[in-house]
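Asks: Listed below are the residues making up each chain.
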Amino acid sequence: MFAYDLKLAIDSLKRTPGLSALMALAIALGIAVCAVTITIYHAVSSNPIPHRSQVLHAVTLDTWDVDRPYDEDEPENPPTLLTYRDATTLYGSGAAPRSLIMYKSGDLMLPERAGVKPFHATLRITTHEFFAMFDVPFQHGGGWDAAADAGPQPLAVLSAETNDKLFGGDNSVGRTVKIGSTEYRVAGVLEPWAPSPKFFDLNNGVFEDPEDVYLPFGWGRVLELPVHGNTQCWKSENQSSYTDFLNSECVWLQAWAELPDARARERYQAHLDNYARSQKATGRMQRPLNNRLYDVEQWLERNEVVSRDNRVLLGIAFLFLGVCLVNVVGLLLAKFLNAAPLTGLRRALGASRRDVVRQHVTEVLLLGLAGGVLGILLAIGGLAGIRMLYDDEYTRASYERLTAVDPVVVLATLALSVLAGIVAGLYPSWRIGRTAPAVYLKSQ
Amino acid sequence: MDIKPILSSLRRSPTGALLVALQIALALAIAVNSLFIIVQRLELLNRDHGVDVENTFVVSWVPVAGRFAGEPAMREDLQVLAGLPGVVAATTVNAVPLSGGGSSTSLYTQPGEKGQRGDINYFAVTERGIEAFGLELVEGRNFDATTVRKLPRNGSEFVPEVILTRAAAKELFKDEPAVGRTVYDSLGQPATVVGIVAGMIGSWPSWDQAGNVALFPVIADEQQARYFVRALPGRRDAAMKAAEDALGRIDNGRVILRVRPLDYIAASTYADDQAMTVYLAVVIALLLGVAALGIFGLASFNVGARTKQIGTRRAVGARRLDIVRHFLVENWLVTTAGVVVGCVLALLLGLWLSETFELPRLKLYYLVAGALVLWGVSLAAALVPARRAARVSPAVATRTV
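Chains as they are written, first to last, in this note's numbering: chain A, 1 to 444; chain B, 445 to 845.
Be careful, since some hints might not be right.
So, partial list: chain A residues that the calculated Cβ filter (under 7 Å) puts toward chain B [said to hold, decoys possible]: (1) Gly180; (2) Leu333; (3) Val373.
In case anyone wonders, no lab produced these hints; they're calculated from the structure.
Just so you know, even glycine gets a beta-carbon here, dropped at the ideal spot from N, CA and C.
Construct the complete structure from the given sequences, taking the supplied hints into account.
Replies: What follows is the structure, given as structure tokens:
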């Protein structure tokens with residue numbers, strides 16, 4: 001029976017090729033706009049580390065000015081970064097099963113390999129837990145230990161791209177790299193790794209690549225490596241040295257804690273609050289107690305990774321699909337009613353009302369599917385077009401990731417187009433099924 | 445013209461007409477709000493940025509630790525850059541305007557964090573800063589070369605003089621003259637306002653106070669420093685090439701990383717806004733296309749379905765023009781119903797957008813423009829079917845009756 005329905009549907013579509021093409025095109029356009037928007041939205045809103053996102057927590061303390069909140073538009077938000085003394089004290093307390101502190105920096109990389117020019121390497125200055133906590137995959141070697149952080153020992157972990165550039169992709173563990181005026185021994189080389197969004201540091205580019213080189217935390221202080229993320233200060237403090245900067249109320253460090261369950265989270269929250277109370281006693285942290293732990297999803301939301309534009313575009317895309325569907329409903333109705341004498345004939349010859357509806361729905365499903373396939377092709381073109389709009393060295397890499405054709409979205413889009421077809425076709429099919437055959441047989 | 449037969453034919457098969465009206469309403473609501481967003485973004489992109497975006501470029505470099513000579517090396521580089529053919533002026537900067545990265549500080553009109561406070565985006569520049577940015581000095585004077593110096597890293601020392609944009613001066617001193625007045629940093633250290641420049645957009649173009657900019661007479665620290673150069677109109681690209689070559693020939697303990705025109709950097713900062721305008725423009729074009737398709741489809745169907753009726757009317761004396769008019773007026777009625785509902789929907793959608801996303805409220809004249817466009821599109825889409833209807837011969841009427 002399905003084969004017969006299919007044959008009827010194809011015959012009917014062929015009878016009005018122009019109209020059929022218009023309807024498929026209308027569905028395709030709606031689907032394409034939705035698919036492009038959903039692809040980007042899906043990439044932007046995706047969870048970069050799903051299996052650990054509820055365990056990892058960004059740590060914040062409200063160390064800001066008593067007279068003025070950190071964020072005047074959303075005064076309930078504590079700063080996203082920590083001061084050096086709070087970060088190091090909390091880290092040293094061992095209150096979480098595992099935690100880390102870090103910041104982004106950069107310096108000149110002086111390659112030994114012939115033909116490789118010196119370049120500016122982005123650096124992540126971090127305590128050793130980074131790789132284990134964020135599940136960072138190594139292709140050679142590994143990270144370092146607590147002693148290397150404290151030393152600090154001259155060890156470095158290279159990103160896959162940096163290793164390719166400096167050592168042609170060889171196993172460089174044990175070789176040396178010169179950054180600034182310091183030589184480091186390569187402890188490990190990462191696999192290509194670029195969580196998107198870059199949840200662990202949302203300060204600069206939310207979708208930018210991770211750093212080129214990772215160095216033990218102690219080097220930051222020893223070499224006075226500059227902060228390449230944000231440094232935000234509220235207090236008027238007389239500073240005349242790097243030590244003054246470290247002791248200031250300026251916030252610039254990121255802190256993460258691994259809290260495997262609600263109990264651990266409560267305990268760590270209590271620890272944070274107790275620490276803040278002890279600081280209040282010394283005259284610091286005069287704002288109301290507001291120290292927050294954010295798991296990865298909450299952190300992405302707090303940092304507004306999904307932008308206003310992303311949401312507006314998603315809304316507009318679905319409204320646009322709505323317009324296309326209304327359009328298809330109208331065209332289908334016209335087409336079905338035009339062919340009503342034929343349907344009347346079939347009814348008169350014994351086709352039941354259900355048969356007629358089913359035959360028409362089959363036709364609509366076919367249209368939806370055709371529209372969906374065409375829509376996905378258009379969407380792939382659209383995504384390529386969007387990549388062209390971001391063709392500069394700063395945003396190119398991010399948008400290549402965000403506009404990559406996403407199999408999940410492709411499947412979802414196909415389902416959406418069939419659903420759209422059914423939604424659009426239901427009323428016209430029902431309407432034609434309801435019509436009394438006699439009306440159309442009269443004038444034959 | 446009698447519209448009674450039109451109304452009666454609409455009443456007999458209202459569904460198709462309703463669908464077209466609904467489509468027009470939705471299309472109008474979306475298109476008008478999209479257009480409104482586009483216009484806002486274009487205003488942002490095309491406003492006067494103060495800085496000479498087309499003719500300036502940025503040289504990024506990094507000092508080699510232990511080999512870099514500091515201020516003398518930077519002065520040497522600046523001299524080389526300023527001497528290049530086609531170059532107007534060059535300065536060191538701590539941050540690049542329109543790049544999305546920079547520094548801000550709070551300035552006060554009284555010491556002790558008192559008086560009027562302004563959050564000011566500041567740029568450390570030499571006495572050639574105004575020229576290098578391409579700014580217009582409207583009051584007071586430029587920095588004296590002797591005040592320009594390098595400050596110790598991690599220090600809290602303030603500058604003796606500042607130059608403010610008009611916007612920054614207004615933020616601090618309201619409408620009073622600012623030249624000669626004193627501003628204070630948060631430690632209460634004073635600086636004299638020596639000049640006012642017309643205006644410039646600072647580091648963060650999307651910040652609502654992006655025009656609150658101050659210039660400080662400071663040689664930027666080498667950890668942040670870049671060179672900012674302005675060329676004569678039309679000679680930027682050649683100057684960039686010359687700068688790269690000339691600086692590459694000098695070894696004073698720094699490595700040149702990149703030379704990039706400012707318009708390239710600014711385009712990257714604005715990439716999201718630019719993409720948004722293109723995307724929405726495409727959506728509007730598609731919307732109008734789809735709406736036209738729907739109108740064309742319905743009108744064609746009506747013509748097909750009413751062939752006999754048209755033939756009858758022609759046989760009893762209706763002229764071709766009457767038939768065309770019949771279909772166009774019918775279509776106009778449907779479109780107008782859609783436009784009226786669409787205006788309401790557009791306002792609701794605009795209200796929702798402005799409440800949810802803190803966007804400005806939709807301006808009413810956009811509705812007028814949207815309505816006119818849709819009327820035009822609708823007329824064009826119905827014209828072909830209506831003329832086909834007019835060609836129906838009166839003989840059709842006699843065939844089967």
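Asks: Now tell me, hint by hint, if it's right for this structure.
Replies: Here's how the hints hold up against the structure:
| no. | hint | result |
| --- | --- | --- |
| 1 | Gly180 | holds, 4 Å |
| 2 | Leu333 | holds, 6 Å |
| 3 | Val373 | violated, 18 Å |
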